[in-house]
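A.B. asks: Numbering (mature numbering (1 follows the signal peptide of the UniProt record, and there is no 0)), first residue to last: -21 to -1, 1 to 236.
Calculated from the structure, these hints are not laboratory results. Errors might be hidden in some of the hints.
[To be verified] Within a straight-line C-alpha distance of at most 16 Å, the following computed EDC-like cross-link-like pairs (lysine to aspartate or glutamate) qualify:
id : residue 1 : residue 2
1  : Lys112    : Asp215
2  : Lys130    : Asp215
3  : Lys131    : Asp215
4  : Lys123    : Asp215
5  : Lys139    : Asp152
6  : Lys139    : Glu198
7  : Lys146    : Asp78
8  : Lys200    : Asp75
9  : Lys200    : Glu76
10 : Lys145    : Asp75
These numbers come from a predicted model, not from an experiment.
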Amino acid sequence: MKRWMGWMLVGSLAMGGTAFAQEDSKPPSTQNGTDDTQGMFRIGEAEAIDQGESVKDTTGGVQQGTGGSGQQPQGAQPDAQGAKLMDQGLLPIPTDEQDFLATLHHANQMEVQLGQLAQQKGVSKGVKDFGAKLVKDHQAADQKLMTYAQKKNMTLGEPKADDDFKKTMKNADDAAMAKLQSLQGPAFDRAFLAHMVGDHDTDIAKVMAAQQQFASNTELKGQLDSLLPTLKQHRDQAHRLLGQEKPRQARSAPQGR
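Can you build the whole structure from these sequences, using the hints too?
C.D. replies: This is the structure we're talking about:
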C-alpha cells in the first residue's frame, strides 16, 4: 500500500477559535500511524462548525447543485488518495524552503483576490470591511515575503503542481473561487466567510509547521512569527462574522402570516 509520509493534520478550530489558542504553548504531536497516515503531523483537532454551504470540492470541480457549472476544469485529474487526505484535513509538512515560500506567496495573492471579491460582491458592511482588511494585510505580508526571497536570491512564482496532491489542492482552490464568483447576496457573504475560516485554518497550520521545520533559520522564523498573529486574527474575525450572518439573515427573511 502506498504510504504518505510527513503529513500534518489541519483541523477546523473549535467554536470561538480556542483550539489553537490553547495549544500555542504545546509542541505539535506526531502520530505514528500504521497505514496511509503514517508520519502525520498533528496540529489542533478537527471539530464541527456550521459553515453553511461548502465551496471547497476536492474532486477537482465545482460542486453540483450549488450554483457552479458542475464541470471539472479542463485537464484536472484529481488524485483520489490526495483528495481523501485533504478531506481528512491532512497536508504535507513543508520541507523545501523555496517551495514553501512560493506556496505562501500564492496564498497571499489568493487572499488579496478574495478580499477584493468580498468588497465587490459582499452585502454586509462587515464582509466588505473584512475584505478590505484582507487586501491590506496580505499585500503587506506578501511584500515582506518577497523582500526576504529577493535577499535570498529566490524567485517566487506559482507553486509547482508537480504531484497529484498539489494538483488536487490547486483544483480545489480553483473550484472554490469559481463557486464564490457564482454566488450573490447573503449566500455569497456566508459562503465567503466559511471559506475564510477554513482557508485561514489551513494557512495557520502551514505556518506553524514551517516554524518548527525551519526553526534554525532565524530570519525566516521571524517572518513566520510576525505573520501568524495576523492569520489568527483574520480567522477569528471571519468566524465571528459568520456567526452573525444567520441571525441577520433570519431577521431579513419574509415573515409568514
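A.B. asks: Does each hint fit the structure? Answer for all of them.
C.D. replies: Quick rundown of the hints versus the structure:
no.: 1; hint: Lys112 / Asp215; in the structure: 13 Å, holds
no.: 2; hint: Lys130 / Asp215; in the structure: 33 Å, violated
no.: 3; hint: Lys131 / Asp215; in the structure: 33 Å, violated
no.: 4; hint: Lys123 / Asp215; in the structure: 23 Å, violated
no.: 5; hint: Lys139 / Asp152; in the structure: 14 Å, holds
no.: 6; hint: Lys139 / Glu198; in the structure: 24 Å, violated
no.: 7; hint: Lys146 / Asp78; in the structure: 15 Å, holds
no.: 8; hint: Lys200 / Asp75; in the structure: 14 Å, holds
no.: 9; hint: Lys200 / Glu76; in the structure: 11 Å, holds
no.: 10; hint: Lys145 / Asp75; in the structure: 14 Å, holds
Hint check: violations occur at hints 2, 3, 4, 6; the rest are consistent with the structure.
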